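A.B. asks: Take a look at the letters that make up each chain.
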Amino acid sequence: MKFERKDILGLKDYSRDEINLILDTAESLKEISTRKIKKVPTLRGKTVISLFYEPSTRTRTSFEIAAKRLSADAVNITASASSVVKGETLIDTARNLESMNPDIIIMRHSAAGAPHILARLLKHQSIINAGDGAHEHPTQSLLDMMTIREKRGKLDGLNVALIGDIAHSRVARSNIYGLTTMGARVALCGPAMMMPREIDKMGVSVHNRMEETIQNADIIMMLRIQLERQKNNMFPSVREYAKLYCLTPDRIKMAKKNVLVMHPGPINRGVEIDPQIADGHYSVILEQVTNGVALRMALLYLLAGGK
Amino acid sequence: MKKKKVVMDAEGIERSLTRIAYEILEENKGIRDLVVIGIREGGVFLAQRIGKKISNIEKTDVPLGILDITLYRDDVLTTAKKPKLGKTDIPFSLDNKKVILVDDVIFTGRTIRAAMDALMDFGRPNLIQLAVLIDRGHRELPIRPNFVGNSLPSSLWEEVSVNLAEIEGINEVVIENI
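So the protein sequences, as listed, match chains A and B. Position 263 of the first sequence, counted from 1, bears residue number 263 in this note's numbering, the numbering being contiguous throughout. Position 100 of the second sequence, counted from 1, bears residue number 407 in this note's numbering, the numbering being contiguous throughout.
Treat the hints as calculated values from the structure; they're not laboratory data. Only a predicted model underlies this, so the values are computations on that prediction, with no experimental measurement involved. Even for Gly, the Cβ is constructed at its ideal location relative to N, Cα and C. Any given hint might turn out to be false.
[Unchecked claim] Chain B regions said to be covered by chain A (calculated; three or more residues, Cβ under 8 Å):
| # | region |
| --- | --- |
| 1 | 379 to 385 |
| 2 | 389 to 396 |
| 3 | 426 to 433 |
Looking at chain A on its own, in the form it has when it is part of the complex:
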């Protein structure tokens, strides 16, 4: 099968074949990062710009390393250090970047749909959504699925528990789309205030108690409590949240013996995940990061050229 898309904005309308193609490509590219010379000439002469309106370490570094390992020229723009602070609009910024003829623009923005605006505006550039508001974060979900498939050999039929602040989580949204498409069963758990109404219409089950959610899980994905987005006091205190929803050594005893623990990072140690679990043998958190580079290499490879 051939990858036909101009942009990668979200997993909502992706088919099983498309996701498998991306994961297969990423799996083949993973080996490059283990070589002594970690570089292939494939994207020589291509320019990749990352335009981040929100802070990021992992995603931005991961994309930059991915671009460089494929020999593309990578340029980073951080909004706080750009003309955005002088009041330039998103569309003006996009038009100006377009004038410098990049091939791929990777974008993170606090407003849902911002990358979609760019994708419509720019006819000759591919846009990759690196997180838009509480909407989607497709590359995170793809690297999560890559990690699960690598560890379990499949996605079909697995039980995946997503625990935490579902309402604010773009990682949750993309993973619900991706995982259900691939045939996994997704169970959500979190405080009622952080559970969007009617989310069960996305084909997932919703639970209040963490214990019952993790019992059947093959994979537990903990979500970060986004302290920066808790301005409207969704819960009384961090301590109370941790008491009910932290993944602790006691709670993990109720899970399957071979359960995998995942987290998109950055982790709040002791809030949503106990340090012993984050660093323990169930955890594949750092393997997610390793796979993130390969996965992003795959997306750059699939988007560049060959049109």
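Assemble chain B onto chain A, guided by the hints.
C.D. replies: Positioned in the frame of chain A, the structure of chain B alone reads:
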């Protein structure tokens, strides 16, 4: 009209590979520092067969590697259909090794150019030699194989394919009009 002609059968392929195995050992005076690397897809199984023959003759195992050259192709960003990526698996350094690169058919030579660039990213081999089952001519680059099973002058409108039991379930070389 499509015309199909079998130009080499299973026994012919087997005999050619045996001869190539002996030639490789003769040329390199034994198995010392030798590694065999097959180019995906067809070259992989031929490399395994040649490697096995060499190991049987010398009673020593020879390291085997697999190379996917897609990322090094000169047309990777210009062809309409993006080729499917395969895995490269060379779990050893190529520093100071004698690399026997194996492919099923040599045609324009562009695949081999890409393969040599790729090999250099795995170390600095002492030498690279090329073994192919079929040389069908029409070179576009100054590249010549060291070991050839069969030279098969072909026209550009013909297609030469090596079918191997490992993939197609039959061992034969066929030439077709397209």
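A.B. asks: Using a Cβ cutoff of 8 Å, are there at least 3 residues of the region 389 to 396 of chain B near chain A, or does the coverage claim fail?
C.D. replies: n = 7 at 8 Å, threshold three: holds.
A.B. asks: Do at least three Cβ atoms from the region 379 to 385 of chain B come closer than 8 Å to Cβ atoms of chain A?
C.D. replies: The restraint on the region 379 to 385 of chain B holds, since 4 of its residues have a Cβ under 8 Å from chain A and three suffice.
A.B. asks: How about the region 426 to 433 of chain B: do at least three of its residues have a C-beta closer than 8 Å to a C-beta of chain A?
C.D. replies: holds (count 3)
Comparing the model with each numbered hint stated earlier shows that all of them hold.
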